[in-house]
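2 protein chains.
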Amino acid sequence: MIEPKTLSGFMELLPSDQILFNNIKDVIRKTYEKYGFLPLDTPVIESSDVLLAKAGGETEKQIYQFSKGDNNLCLRFDLTVPLAKYVALNFNELAFPFARYQIGKVYRGERPQKGRFREFYQCDIDVVGKDSLSLYYDALIPSVIYNIFKEINIGKFKISVSNRKLLMGLFEYLGLVDSSVEILRLIDKFSKIGEQNFVETLKCDYKISDDCMQKILDFIKIDGTVTEQLDKLKNLDIKNDKFVLGVNELEFVTKQMLVFGIDKDYFNIDLSIARGLDYYTGTVYETTIIGYESLGSVSSGGRYDNLASFYTKEKLPGVGMSIGLTRLFYKLKEHNIISDEEKSLSKAIILPMGDTFNECIALSNVLRQKNINNVLYLENTKFKNKISYANKLGIKYAIFIGEDEVKNNCVTIKNLSTFEQQSLSKEELVKFLQIDYLK
Amino acid sequence: MIEPKTLSGFMELLPSDQILFNNIKDVIRKTYEKYGFLPLDTPVIESSDVLLAKAGGETEKQIYQFSKGDNNLCLRFDLTVPLAKYVALNFNELAFPFARYQIGKVYRGERPQKGRFREFYQCDIDVVGKDSLSLYYDALIPSVIYNIFKEINIGKFKISVSNRKLLMGLFEYLGLVDSSVEILRLIDKFSKIGEQNFVETLKCDYKISDDCMQKILDFIKIDGTVTEQLDKLKNLDIKNDKFVLGVNELEFVTKQMLVFGIDKDYFNIDLSIARGLDYYTGTVYETTIIGYESLGSVSSGGRYDNLASFYTKEKLPGVGMSIGLTRLFYKLKEHNIISDEEKSLSKAIILPMGDTFNECIALSNVLRQKNINNVLYLENTKFKNKISYANKLGIKYAIFIGEDEVKNNCVTIKNLSTFEQQSLSKEELVKFLQIDYLK
Chain W
1 MIEPKTLSGF MELLPSDQIL FNNIKDVIRK TYEKYGFLPL DTPVIESSDV LLAKAGGETE
61 KQIYQFSKGD NNLCLRFDLT VPLAKYVALN FNELAFPFAR YQIGKVYRGE RPQKGRFREF
121 YQCDIDVVGK DSLSLYYDAL IPSVIYNIFK EINIGKFKIS VSNRKLLMGL FEYLGLVDSS
181 VEILRLIDKF SKIGEQNFVE TLKCDYKISD DCMQKILDFI KIDGTVTEQL DKLKNLDIKN
241 DKFVLGVNEL EFVTKQMLVF GIDKDYFNID LSIARGLDYY TGTVYETTII GYESLGSVSS
301 GGRYDNLASF YTKEKLPGVG MSIGLTRLFY KLKEHNIISD EEKSLSKAII LPMGDTFNEC
361 IALSNVLRQK NINNVLYLEN TKFKNKISYA NKLGIKYAIF IGEDEVKNNC VTIKNLSTFE
421 QQSLSKEELV KFLQIDYLK
Chain F
1 MIEPKTLSGF MELLPSDQIL FNNIKDVIRK TYEKYGFLPL DTPVIESSDV LLAKAGGETE
61 KQIYQFSKGD NNLCLRFDLT VPLAKYVALN FNELAFPFAR YQIGKVYRGE RPQKGRFREF
121 YQCDIDVVGK DSLSLYYDAL IPSVIYNIFK EINIGKFKIS VSNRKLLMGL FEYLGLVDSS
181 VEILRLIDKF SKIGEQNFVE TLKCDYKISD DCMQKILDFI KIDGTVTEQL DKLKNLDIKN
241 DKFVLGVNEL EFVTKQMLVF GIDKDYFNID LSIARGLDYY TGTVYETTII GYESLGSVSS
301 GGRYDNLASF YTKEKLPGVG MSIGLTRLFY KLKEHNIISD EEKSLSKAII LPMGDTFNEC
361 IALSNVLRQK NINNVLYLEN TKFKNKISYA NKLGIKYAIF IGEDEVKNNC VTIKNLSTFE
421 QQSLSKEELV KFLQIDYLK
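Going down the list, the protein sequences come from chains W and F. Counting with this note's numbering, you get residues 1 to 439 for the letters of the first sequence. Counting with this note's numbering, you get residues 1 to 439 for the letters of the second sequence.
What the hints contain is simulated information worked out from the structure, not anything from laboratory work. Hints may contain errors.
It does not matter which identical chain is used: a pair holds within one copy or between any two.
[What the hints assert, rightly or not] Within a straight-line C-alpha distance of at most 20 Å, the following computed EDC-like cross-link-like pairs (lysine to aspartate or glutamate) qualify:
1. 392 - 93
2. 5 - 200
3. 25 - 41
4. 370 - 334
5. 431 - 223
6. 68 - 58
7. 382 - 355
8. 255 - 359
9. 333 - 270
10. 315 - 3
11. 150 - 210
12. 221 - 195
13. 130 - 379
14. 156 - 263
15. 313 - 3
Can you build the whole structure from these sequences, using the hints too?
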């Protein structure tokens with residue numbers, strides 16, 4: 001006998017949690033499709049030379065690599081590299097702007113720890129242009145994410161927006177481009193280490209002039225409403241084309257986010273977003289749940305200049321965001337941010353009382369034809385066992401058919417929470433359950 | 001620059017085919033859920049000692065195995081072994097009978113050839129009992145598959161049913177149990193090699209008496225309607241308990257399949273089904289598309305006595321069927337059995353004519369709120385490019401908003417196949433598209 005076990009770092013849910021998980025996944029998919037994003041499903045396994053064209057460092061160490069026959073293979077570690085490959089490979093078949101979504105599992109052999117997974121779902125949307133891509137898409141993308149988080153009912157959240165050109169322009173202006181990575185890391189820690197430490201470290205390590213230092217401090221300290229922040233950015237008087245372009249783009253994108261219907265209380269400008277410095281070139285996004293900021297960003301992304309430079313000479317600028325669903329779900333559950341009230345996909349279970357199996361089957365057929373999911377209990381056990389089964393599945397209504405019901409051509413339906421019970425004709429039952437579905 | 005490519009044996013579809021594929025996958029999932037099957041999603045990677053508890057021979061050679069750190073890992077090669085592990089592992093949390101569905105990718109490193117895949121979707125349903133499981137479920141399972149194939153509109157098909165106890169009982173009766181695998185292989189070839197060869201080989205290899213030989217021939221040649229076949233089985237006069245039980249079970253299951261609403265023209269008894277001799281112990285199923293019998297079975301399965309004997313002492317009898325979706329889809333496309341008429345998930349594309357982007361965005365928001373999927377075109381290009389984009393995506397209606405439409409608070413909608421064009425208010429547009437969705 002072998003001990004059954006599931007590897008650590010791999011999420012495997014009980015049915016009631018799986019239903020909750022799928023509900024969220026369905027909201028994500030439906031919202032992506034409402035915006036006209038096209039579905040994509042690429043292989044989990046790719047050739048190593050293709051998948052690792054760009055990888056390196058930390059990421060490469062985490063990748064599941066192996067050989068089979070003569071092939072060096074990898075499990076995908078994100079959905080972006082497969083997208084790049086796909087667009088390069090099918091360039092002539094695709095219509096641009098190419099807006100695709102992909103929801104699928106990716107693999108990273110991280111050290112397993114609470115809340116970190118080695119197999120996890122990513123839910124990506126990207127719009128990829130040929131040669132150029134309108135800035136309107138930078139406002140469309142976060143509106144998709146906004147509608148998803150509104151619908152899955154996680155309370156208040158905030159989509160933070162910035163533009164990579166601001167920091168890059170500022171560093172260019174200050175002559176600090178070569179140290180940008182290190183300075184960004186310091187900026188990230190600003191609130192933790194305090195202004196004095198920040199200033200001293202910068203001055204000591206990078207010989208920054210008082211004037212430059214003031215610009216950096218003024219930049220970091222920019223706060224207020226979106227409009228106030230944009231005004232302050234303009235008033236910084238940083239004479240650098242990239243910076244000015246960044247301010248203009250940020251102004252346009254935040255203005256258009258309102259047009260796309262994002263409530264102004266649900267987004268802000270956060271100039272400290274330092275995400276993917278080597279990859280993103282314009283707008284960047286992060287999303288936090290208010291009151292649970294320590295959970296980190298639950299959906300991030302941004303604008304990039306060139307999706308697939310490793311595979312094609314075509315210039316493919318794009319913008320996208322991603323939801324790390326497995327980690328998000330784990331956190332929502334851990335912090336009780338989602339409830340599991342609705343834990344069955346079926347409103348009703350049909351229970352034969354005596355030898356009424358065929359009548360029960362016939363009723364189940366009718367309900368299914370009316371698109372009413374139902375469970376049919378076909379074991380011959382005690383009443384107690386039947387009810388206990390229904391309760392364990394979290395089903396709201398039990399429908400009994402015994403000899404009396406057959407004789408009177410009706411059914412008995414019982415609400416298993418309130419214990420209310422009534423006798424209905426089959427037509428009445430269908431209507432009753434259809435109305436209940438709309439609740 | 002690295003050449004972008006997808007590994008051979010891995011299906012990667014263009015968006016229009018992906019939409020078709022997903023449509024079928026959705027029908028399968030919705031039907032599984034209508035019957036109250038619970039969703040399951042197990043990891044793609046499992047520990048080798050767990051996954052290979054039972055494997056061996058051909059299967060084991062095909063498995064993707066590799067190590068990561070100290071772990072010996074495997075990619076799952078089916079969804080049955082993960083189910084066995086899951087049920088053994090979560091035995092105390094589950095309600096029995098445990099009816100679950102799982103739709104997911106599995107991996108087999110077969111030699112790649114046309115129509116064979118190394119990564120493919122399996123769509124499984126199983127009902128697993130604790131200690132025992134009612135025979136009614138053996139009729140429920142094929143009715144689920146029947147409803148799926150009816151809905152995806154592949155024309156006439158046939159679910160063939162048999163019972164493993166018939167052949168096992170016959171072999172017991174004839175004292176041929178030890179040679180049953182070889183004889184079954186011969187029976188499989190009966191129509192190919194002809195009766196004379198069949199008889200000579202059997203006599204020569206297994207020293208079968210004339211009387212025994214006659215029984216085997218009588219058994220193989222049984223034909224007619226379901227009722228006629230059952231009568232002939234009874235009249236064979238084979239005095240073996242297993243055989244008699246098999247006949248009774250087959251009679252009950254085929255009778256109940258009618259109660260579950262399977263049209264009698266869509267199933268038959270096929271005594272030559274030899275599938276999974278080592279695993280199935282009762283009812284067995286295969287499904288063929290009429291006119292495309294050479295494609296082989298598109299959905300198979302059966303009843304087994306014990307799901308998880310490698311992981312637990314609990315006795316877990318069950319019954320299930322599986323659809324190999326990737327292969328099925330490939331064949332349906334290859335033989336033009338499904339059409340790709342409906343190749344967009346969006347009925348409408350909104351095209352700004354001039355600087356009416358914000359009006360177009362607002363309309364898109366409204367349509368989405370009414371659950372009408374739509375594509376918003378946000379590039380500033382020539383009219384020709386916009387229409388060509390819409391056509392490439394296969395979208396039925398283009399909605400134009402120019403200065404005139406803004407002035408008159410209306411939109412222009414054009415059917416891109418018929419070129420019919422009309423002017424509608426926004427309210428009329430919503431109604432028009434909602435009605436179109438119901439078509």
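Which of the numbered hints are not met once you compare them with the structure shown? The structure conflicts with hints 2, 4, 5, 9, 11, although it agrees with all the remaining ones.
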